[in-house]
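K.L.:
Single-letter residue listing:
Protein chains: 2
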Amino acid sequence: MVSDNVIHELEAIVGQENLLTTPEERWCYAYDATDLAQMPDAVVFPGSAAEICQIVKLANQYGFPVTPRGAGTGRSGGSVPIQGGVVLVLTRLNRILEISKEDLVAVVEPGVILGRLKAAVEAQGLYYPPDPSSADFCTIGGNVAECAGGAVAVQYGVTRDYVLGLTVVLPTGELIEAGTRTMKGVVGYDLTRLFLGSEGTLGVITRIILKLVSKPAARQTLAAAFADLTAAASAVSQILTSGLAPTALEFMDRATLECVRELLPFPLPAAAAALLLIAVDGQPHDVEERAGRMAQFCGHAGADPVIRARSLPEAEQLWQARKVISPALKKVRPLKVSEDVVVPIGAIPRLISALQEISRRRGLPIHSYGHAGDGNIHVNVLYDPKVAREREAVAATVQEILAVVRKLRGTLSGEHGIGLTKAPYLGMELSPAAIALQRRLKQAFDPNNIMNPGKIFPATGSGLD
Amino acid sequence: MVSDNVIHELEAIVGQENLLTTPEERWCYAYDATDLAQMPDAVVFPGSAAEICQIVKLANQYGFPVTPRGAGTGRSGGSVPIQGGVVLVLTRLNRILEISKEDLVAVVEPGVILGRLKAAVEAQGLYYPPDPSSADFCTIGGNVAECAGGAVAVQYGVTRDYVLGLTVVLPTGELIEAGTRTMKGVVGYDLTRLFLGSEGTLGVITRIILKLVSKPAARQTLAAAFADLTAAASAVSQILTSGLAPTALEFMDRATLECVRELLPFPLPAAAAALLLIAVDGQPHDVEERAGRMAQFCGHAGADPVIRARSLPEAEQLWQARKVISPALKKVRPLKVSEDVVVPIGAIPRLISALQEISRRRGLPIHSYGHAGDGNIHVNVLYDPKVAREREAVAATVQEILAVVRKLRGTLSGEHGIGLTKAPYLGMELSPAAIALQRRLKQAFDPNNIMNPGKIFPATGSGLD
Chain A
1 MVSDNVIHEL EAIVGQENLL TTPEERWCYA YDATDLAQMP DAVVFPGSAA EICQIVKLAN
61 QYGFPVTPRG AGTGRSGGSV PIQGGVVLVL TRLNRILEIS KEDLVAVVEP GVILGRLKAA
121 VEAQGLYYPP DPSSADFCTI GGNVAECAGG AVAVQYGVTR DYVLGLTVVL PTGELIEAGT
181 RTMKGVVGYD LTRLFLGSEG TLGVITRIIL KLVSKPAARQ TLAAAFADLT AAASAVSQIL
241 TSGLAPTALE FMDRATLECV RELLPFPLPA AAAALLLIAV DGQPHDVEER AGRMAQFCGH
301 AGADPVIRAR SLPEAEQLWQ ARKVISPALK KVRPLKVSED VVVPIGAIPR LISALQEISR
361 RRGLPIHSYG HAGDGNIHVN VLYDPKVARE REAVAATVQE ILAVVRKLRG TLSGEHGIGL
421 TKAPYLGMEL SPAAIALQRR LKQAFDPNNI MNPGKIFPAT GSGLD
Chain B
1001 MVSDNVIHEL EAIVGQENLL TTPEERWCYA YDATDLAQMP DAVVFPGSAA EICQIVKLAN
1061 QYGFPVTPRG AGTGRSGGSV PIQGGVVLVL TRLNRILEIS KEDLVAVVEP GVILGRLKAA
1121 VEAQGLYYPP DPSSADFCTI GGNVAECAGG AVAVQYGVTR DYVLGLTVVL PTGELIEAGT
1181 RTMKGVVGYD LTRLFLGSEG TLGVITRIIL KLVSKPAARQ TLAAAFADLT AAASAVSQIL
1241 TSGLAPTALE FMDRATLECV RELLPFPLPA AAAALLLIAV DGQPHDVEER AGRMAQFCGH
1301 AGADPVIRAR SLPEAEQLWQ ARKVISPALK KVRPLKVSED VVVPIGAIPR LISALQEISR
1361 RRGLPIHSYG HAGDGNIHVN VLYDPKVARE REAVAATVQE ILAVVRKLRG TLSGEHGIGL
1421 TKAPYLGMEL SPAAIALQRR LKQAFDPNNI MNPGKIFPAT GSGLD
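Here the protein sequences come in this chain order: A and B.
With our numbering applied, the first sequence covers 1 to 465.
With our numbering applied, the second sequence covers 1001 to 1465.
Among the hints, erroneous ones may be present.
[To be verified] Heads up, simulated DSSO-like pairs for lysine-lysine below, C-alpha to C-alpha not over 27 Å straight-line: (1) B/K1215 with A/K211; (2) A/K407 with B/K1101; (3) A/K211 with B/K1331; (4) A/K211 with B/K1101; (5) B/K1101 with A/K215.
These aren't lab readings, by the way, just hints derived from the structure by calculation.
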């Protein structure tokens, strides 16, 4: 619990109107997009980097945790204030400070909603590619903190590939600039990419310089239904090694398709075991040609039908079906554990087969979908918490899935981060020496462990270690 | 000086045949591609990661510096053993362990020559893009340590964008794995990218997992000569914001052109003030169309002639002329200080104008060329050390150039690193708080400061601080 004294000091920094202290108000900032929640002692909405510096210095002085938060759309508990203390909501820092066509950069504050940024950039004929499914409500600061991805990462890469520079309040209260406004830069250690994906544990981001690219002249979308998983996997592999450079290459398994069937703009065969959703960017003629060749690959691999979206609304309907999968799974079971594992591209078929086998054997629905083009598959273990058999089977099922992923030389998370939900599994991927090094690194940034404690590494005494 | 005892222990680890101790032999590993040199006390050629662990543990025990070294082609003194001790030459770790078409990855040891790797990858129909001018003799380990770039970074990015995972001997002697074999990964802090560009100060890389892409189906090269710098800059800007996605967009100023004029496969007009060298990758038809439109942009901006390479040998001749610029400058003056500054793309014309003015005023030849497509300009201040006026003018000229770059919101280095040569200028870019944080980070990795000491941050007492 933070003391009344701390509350008064916080009020002096941000003003009464930017401080929440009642239980009802605080509860609104206790959770994220997981099913986890923890009540903070206070919620503040700072209006500037200078205010954040003061708050962080106060935290060091009094020893309370500070948990930065954007829109709370994270999927691993990263913004849940698991040790209480102060939640630092960054939504007031929501200015797009600059979009420079000349330098191909945008300078933004962390609280800008990603969708708003993307639209503003596109209005200038430019493009900011990362596109997580939560784009319409997540913040760019959260994207940086978790290193968000999305469907077009196959061609364009993830958030990491677009952040050139950052302004950050360190856990010790100093404001520093890292990185550059330039396309390249190797001056000193790469703090910029170290902050990327550090889940709010190494500092509070207050300004972001993003690389922009030209808006693609054209995009084609196609969908291919397969009666056979192996055939779909073979088409993925052919497309990826063809030099045809897909922009996005998404996959949905049979169980997932059942949840979004009626949202698709074409009748899906009852026998469909997998759907591929493919986007291709480029010059109009070239896109036409490459999409045609990809459609051929799918056809030769056995896809039927192969549909090319003939209009923008039809393409958007296809992508909308993809984006609503996560909430649509509620139709099957009220709760789910979502893992966003990544395997080497060649191992995707083996992963999908293993998941089907595990689902059958464990008697739990497992729905898989996601970014086949980069091996990042969203694996959802669905369960009803009121059914004891299901509830009790979840933990072992997830553990088994992660073990399969590691055996296939994959990684535990591609986009969502470790946060709280995957912290118990960190040792499945990192050796004790690597974890010890990461702890020393955290210590070098945050000697008093005030910045989002209890994440990535379970904090001693949290019950997770 | 390392003691006889240490020499005996080193011999026990690597064998007599992999240890050099005579002054003549040691001198061969004292320098890099700068004009700096410092005699090491011993040179070892370890044959495995296990041997490197032993050597590093010995260094901690006895307190001697260890400086990792690839081919010694670095341009900032990064592999010069400035505090003596042991040079660790990694050329025996030179195996390409795997090239996987299925997973689109290569697994290599650090001593592999980049050109050999690129050829092996291309023989499989795949492509590893980074292409520094030293590709035929630099090692991939050095590329990772410095975050090497090259001409095609405009489209494909730099070494950082291709390193998925690393095996590293930490400065404390433990072997760890960082990163993944997968295209995405956000598990824990991003140690992989932290090692990228850390110039051998945070550990010894012993294995590298690289992302590969499909080999582009076609590449077109074109050259455009401009009588006017502003016109060339305008063409660069138009091409970059056109959505035509150039693969490479190289620039040479008038002074540089004079050095390579006879190497070009076409007669260059006497009035040429700038040459743009452009590459475009993609499907054959598309490349033809995009190269045509880029040629039009250049023509409209005033280029004459605009030459499209009509054969592979002709294209190679153009790129060869680009690659030999650095040694060709010796024709003008025996010595040079090479800076590889980067400015925001829109600031390139202002940088070039400023350089011409500085050259005139200071009476020193300044030759500029490089990667206009990402603002990374190689600025060479040429001088004759026997001419006192020139020799004495160099330091202030370089300092002035770097100040101009910072004023234009640029960075001191895009590819070459800080090493020794730019360490005195670190404070021009990083704040005291940022430098202090970087020192704490170094300390967290290397508590005894044995790993390539004296780089990035000038070591206390080195005369550079």
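K.L.:
Take the hints in turn and mark each one as holding or not.
P.N.:
Results for each hint:
1. B/K1215 with A/K211: holds (25 Å)
2. A/K407 with B/K1101: Holds - the C-alpha atoms of B/K1101 and A/K407 are around 19 Å apart, at most 27 Å.
3. A/K211 with B/K1331: violated (39 Å)
4. A/K211 with B/K1101: violated (30 Å)
5. B/K1101 with A/K215: violated (30 Å)
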